[in-house]
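Asker: Letter by letter, the chains look like this.
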Amino acid sequence: MIVFDRVSKRYSSGQDALLNISFRLGRGEMAFLTGHSGAGKSTLLKLIMAMETASGGRIEVGGRDVSQLQRNQIAFYRRHVGVVFQEHHLLFNRTVFDNVAMPLRIAGFTPRETARRVRAALDKVGLLRKEKAYPLELSGGEQQRVGIARAVVNRPPLLLADEPTGNLDPDLSAEIMQLFRDFNQVGTTVFIASHDIALIERMGCRVVHLENGRLVSGGQA
Amino acid sequence: MTTAPETTPARKGAEESRQSALEAWLAHHRDSARQSLADQLGHPVASLLSWLAMAVALALPALLALGLMNLGALTHTLDASRQATLYFSSPPEDATVLQLKASLVALPEVAKVEYLSPDAALDTFRAINEAADLLAGLDANPLPASLQVTLKADTPLERLDVLKTQWSALPGIESVQLDTVWLERLQALETVLQRAWGLLAILLGLAALLFIGNTVRLAIENRRDEILVSRLVGATDAWVRRPFLYMGAWYGLIGAVLAAVLVHLCMAMVAGPVEALSALYFSAFRLEWPGLSGTLILLLAGSALGWLGAWLTVLRELQKVEPR
Numbered sequence: 001m002i003v004f005d006r007v008s009k010r011y012s013s014g015q016d017a018l019l020n021i022s023f024r025l026g027r028g029e030m031a032f033l034t035g036h037s038g039a040g041k042s043t044l045l046k047l048i049m050a051m052e053t054a055s056g057g058r059i060e061v062g063g064r065d066v067s068q069l070q071r072n073q074i075a076f077y078r079r080h081v082g083v084v085f086q087e088h089h090l091l092f093n094r095t096v097f098d099n100v101a102m103p104l105r106i107a108g109f110t111p112r113e114t115a116r117r118v119r120a121a122l123d124k125v126g127l128l129r130k131e132k133a134y135p136l137e138l139s140g141g142e143q144q145r146v147g148i149a150r151a152v153v154n155r156p157p158l159l160l161a162d163e164p165t166g167n168l169d170p171d172l173s174a175e176i177m178q179l180f181r182d183f184n185q186v187g188t189t190v191f192i193a194s195h196d197i198a199l200i201e202r203m204g205c206r207v208v209h210l211e212n213g214r215l216v217s218g219g220q221a
Numbered sequence: 222m223t224t225a226p227e228t229t230p231a232r233k234g235a236e237e238s239r240q241s242a243l244e245a246w247l248a249h250h251r252d253s254a255r256q257s258l259a260d261q262l263g264h265p266v267a268s269l270l271s272w273l274a275m276a277v278a279l280a281l282p283a284l285l286a287l288g289l290m291n292l293g294a295l296t297h298t299l300d301a302s303r304q305a306t307l308y309f310s311s312p313p314e315d316a317t318v319l320q321l322k323a324s325l326v327a328l329p330e331v332a333k334v335e336y337l338s339p340d341a342a343l344d345t346f347r348a349i350n351e352a353a354d355l356l357a358g359l360d361a362n363p364l365p366a367s368l369q370v371t372l373k374a375d376t377p378l379e380r381l382d383v384l385k386t387q388w389s390a391l392p393g394i395e396s397v398q399l400d401t402v403w404l405e406r407l408q409a410l411e412t413v414l415q416r417a418w419g420l421l422a423i424l425l426g427l428a429a430l431l432f433i434g435n436t437v438r439l440a441i442e443n444r445r446d447e448i449l450v451s452r453l454v455g456a457t458d459a460w461v462r463r464p465f466l467y468m469g470a471w472y473g474l475i476g477a478v479l480a481a482v483l484v485h486l487c488m489a490m491v492a493g494p495v496e497a498l499s500a501l502y503f504s505a506f507r508l509e510w511p512g513l514s515g516t517l518i519l520l521l522a523g524s525a526l527g528w529l530g531a532w533l534t535v536l537r538e539l540q541k542v543e544p545r
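These protein sequence lines are chains A and B, in that order. Per the numbering used here, the very first residue in the first sequence carries number 1; after that it's consecutive. Per the numbering used here, the very first residue in the second sequence carries number 222; after that it's consecutive.
The hints are simulated quantities; they were obtained by calculation from the structure and are not laboratory data. Just so you know, these numbers come straight off a predicted model, no measurement behind them. Wrong hints could be hidden among the right ones.
Simulated restraints on C-beta separations [stated by the list, open to error]:
#, chain 1, residue 1, chain 2, residue 2, range
1, B, E543, A, P170, 32 to 38 angstroms
2, A, G26, B, L427, 20 to 26 angstroms
3, B, E543, A, R58, 22 to 28 angstroms
4, B, V491, A, I74, 40 to 46 angstroms
5, A, G28, B, L427, 55 to 61 angstroms
6, B, I423, A, D65, 46 to 52 angstroms
7, A, S13, B, H250, 40 to 46 angstroms
8, B, A409, A, R71, 26 to 32 angstroms
9, B, E442, A, R58, 36 to 42 angstroms
10, A, R6, B, L427, 29 to 35 angstroms
11, A, R6, B, E442, 58 to 64 angstroms
12, B, L427, A, N72, 27 to 33 angstroms
13, A, R58, B, N435, 42 to 48 angstroms
Idealized CB from N, CA, C, for every residue including glycine.
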């Protein structure tokens, strides 16, 4: 699903965020990306999301060369990649339903199908009864689950998460991780950046380990 | 729509649930238009300033254009009564008059030629002038015989000058009176006003563009998060732009509706006095109103201006709102 072939990223400030990274993530696999803050985890996810462009090397996602995508192709490409953020990026002036419906409206689903899929996604994360609530009325864990519902509502083949449990207590974190595992079990490829070593170890998945922009372990399945 | 044989039932279901690209595009246009209108109407106090600014920026040039249109109509009415008088040096023979009349009527610029004998001139003079008693003290009638030539309205002023010179050279003609100077002045004034109107329209148009641009820029700033999130979940540039373009177009259209109301109010206020005045001087002149086409042009210009102002801003500002 994901192929990194000798990928480097140097910011315009001259700082090297990633150096010569090569790894593969198979279709339907679930893996973690770990390392200290500043090790390059976020940069690596941004490269997959086409939010940044690599300075060198090749990135392929779902058979597509991400660095060759034109500006408008990037928009369509992102419809196939769900993302969960640490700060979950919810819109506070919109209801939970409208937040989750956003990717579907952008992709041009009918209102009826949008409603059906939004409710299915909210049901999956256990927030069906909160669809009319506003994000600020929800707890931190609930907000994160709305973010997850939004990331999967489009049924993307690839789900990325950047520190999805960063602000949550261990119990809530475990719940969130269980959700990711559920999605993985129905065929979604899941790639999660986290520095919560204890949690990662409990999950028993493959771990891609970065240090100072270099891959130190987990490059091979 | 034919179903390809390799299409699995699940995939087929997914395709039916998604609108065609055209339907989705139309639906988003409809939603953007409706939502941005609802936003403006939902905050009438905040929107009022923008509407009024657009209204004033549109109403001023519209009023000036109407003024110019009416001035044009007025000069046209005056042109219709363009007259030249050819004075004979001495009372002419009837044959000379008939011959001259015939040659003048044959000219394409001439509508009508009338002979005015010294006696007839004296009668006319007496009828319109109370000082006619002065003439009674004279032995002979001092007034010359003349030909009154009515020229066609579409004769250009330059041509009138040429005719005047030609006619002055005719045998037996003492002088030709053709007062083109004030007509030329009026035409020159019209040109000046047209130029001034053009400049004012351009300046106010620019002001409207900047104003709408600034309003849209603030709206983009307010909806920054929304734009970022929609980009992250796959919104195209066109999708992100659309609501802001409609926003600009609505400001322009509503401003133009207010401008049209303003223009009609102003017209109603001057219509009475102007028509009283024109009745005193030029009975043929009627005040020209903008009419349906003029109003439609105003509405169209307003929407286009609003849309353009939004477009120029959106091109620049949305580049800055990229997920990082």
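Asker: Honestly, do B/L427 and A/N72 meet the 27 to 33 angstroms range at C-beta?
Answerer: Holds - the Cβ-Cβ distance for B/L427 and A/N72, about 32 angstroms, lies within 27 to 33 angstroms.
Asker: Given a hint of 29 to 35 angstroms, does the C-beta separation of A/R6 and B/L427 actually sit inside it?
Answerer: violated (53 angstroms)
Asker: Does the Cβ pair A/S13, B/H250 satisfy 40 to 46 angstroms?
Answerer: holds (42 angstroms)
Asker: Between A/R58 and B/N435, is the Cβ distance one that fits in 42 to 48 angstroms?
Answerer: holds (44 angstroms)
Asker: Taking 20 to 26 angstroms as the stated bounds, is the beta-carbon spacing between A/G26 and B/L427 within them?
Answerer: violated (59 angstroms)
Asker: So does B/V491 sit 40 to 46 angstroms from A/I74, Cβ to Cβ?
Answerer: For B/V491 and A/I74 the Cβ distance comes to about 58 angstroms; the hint is violated.
Asker: Starting from the range 32 to 38 angstroms, see whether the pair B/E543 and A/P170 falls in it by beta-carbon distance.
Answerer: holds (35 angstroms)
Asker: Given a hint of 58 to 64 angstroms, does the C-beta separation of A/R6 and B/E442 actually sit inside it?
Answerer: violated (40 angstroms)
Asker: Given a hint of 36 to 42 angstroms, does the C-beta separation of B/E442 and A/R58 actually sit inside it?
Answerer: At 37 angstroms between Cβs, range holds.
Asker: Quick one: are A/G28 and B/L427 within 55 to 61 angstroms, going by C-beta?
Answerer: At 58 angstroms between Cβs, range holds.
Asker: Is the distance from the Cβ of B/E543 to the Cβ of A/R58 consistent with 22 to 28 angstroms?
Answerer: For B/E543 and A/R58 the Cβ distance comes to about 23 angstroms; the hint holds.
Asker: Just to be sure I understand the hint, the distance between the Cβ atoms of B/A409 and A/R71 should be within 26 to 32 angstroms; is that true here?
Answerer: Violated: the Cβ-Cβ distance is about 55 angstroms, outside 26 to 32 angstroms.
Comparing the model with each earlier hint shows violations of hints 2, 4, 8, 10 and 11; every other hint is respected.
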